[in-house]
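Model the full assembly from the supplied sequences, consistent with the hints where possible.
If you want the building blocks of each chain, they are given just below.
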Amino acid sequence: MAVSLHSFTRRLAAVALLGLSASAMADTTVSEPWVRASVPQQQATGAFMVLTAERDSALVGVASPVAKTVQIHQMTMNGDVMGMQQVKVLALPAGKPVTLDANGYHVMLMGLKQQVKEGEQVPLTLTIKTAEGETQTLKVQAPVRGLTAQSPEHAHDHGNMH
Amino acid sequence: MTDLLSRRAVVAGMGVLGLGLLAGCNPARGLEFKYGKNMSNEILGRSFRLKDPQGNVRTLSSFYGSMPMIFFGFTQCPAVCPTALARAAQIKKLMGRDAGFLQVVFITLDPERDTPEVLDTYVKAFDPSFTALTGTPEEIDQVAREFKVFYERVPAGDTYTISHSSTSYVYDSRGTLRLSLGHSLNAKECTEDLLTLMEIC
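Residue numbers (the numbering used here), protein chains in the order written: chain Z, 443 to 604; chain H, 6 to 206.
These are calculated hints, taken from the structure and not from any lab test.
Source: prediction; values computed, not measured.
Be a bit skeptical, because a hint or two may be false.
[What the hints assert, rightly or not] Taking beta-carbon pairs under 8 Å as the criterion, some of the chain Z residues facing chain H (in silico): (1) GLN483; (2) GLN485; (3) ASN545.
Ideal Cβ positions, reconstructed from N, Cα and C, are used throughout, including at glycine.
Next up, the structure:
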């Protein structure tokens, strides 16, 4: 009896530890997530946010029920040419906020299943891998902003663009 | 007699004015843009022939009498195109009562995916006065070459995205190319240059 009680306590402790390690793993935070509204029949739009990882990590995947395909893209300006390319892994260095906005990295929601309307919430599931190889999933509800919306930093640079 | 003379003077005056209008503005005289590039000596986009979403054929002469600001993009573009269209909408607001003179023209580089319906709703979501132009992939290719606009499809998984030039081109009311506005300029800077162009041409 005493033995089984002992094992029970041990198991409890193990469960508590697991819970603790799970919350310790949730060390990447998402702030200011938003999705740009689309017009009817438009097939793609972008999602934007700021990611901050506590430990060296990488964003390795994004999923959303509103789109068939979700990819991470990088926009680069080369002279007047806007270059766009898919990025499989987005590095999130420890403690350094990584901004996903219209001027660099962003999430592309492609093959939209329906119009994304201003004021709605778009669920996003981010898959993050730490340098140690642990995988973490983050669920985010991103509010939809109007077509003309700018990322906060950008709006600040360019006056009241809203 | 005096009446006749003054009438003659008025007619002559009108003639000179008309000639001035016909000749357009003299680029050597005072066309100094603060932010954009003076394009008066460049010939770009002279002979494009595309369709608006309603199916009407549009050429540069369709925009005579207004100040067309033309740029290229595609509706699945998440970053540069909405930023350029939002900037154009903001420019119109900043131009105030002169806003009606500016005609924003968005030419798609993705005619296969951008149907006329999507294009129309897309540009009009930014401002109801904006117009979009499309054509066959061959026509678009030719127009892009005419504007020296670079674009290329970039594979992205089982689909593609497009890298492309992001400059806006502005013509005067007689269809002469005058000004190019880079993507990094903000709405206020663009507006200043557009008002300079309006004053002189």
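Status of each hint after checking the structure:
Given the 8 Å rule on beta carbons, the hint for Z/GLN483 holds: about 5 Å separates it from the nearest Cβ of chain H. At a threshold of 8 Å, the smallest CB-CB gap from Z/GLN485 to chain H is about 6 Å, leaving the interface hint in force. The beta carbon of Z/ASN545 comes within 7 Å of a beta carbon in chain H, closer than 8 Å, and the hint placing it at the interface holds.
Of the numbered hints stated above, none is contradicted by the structure.
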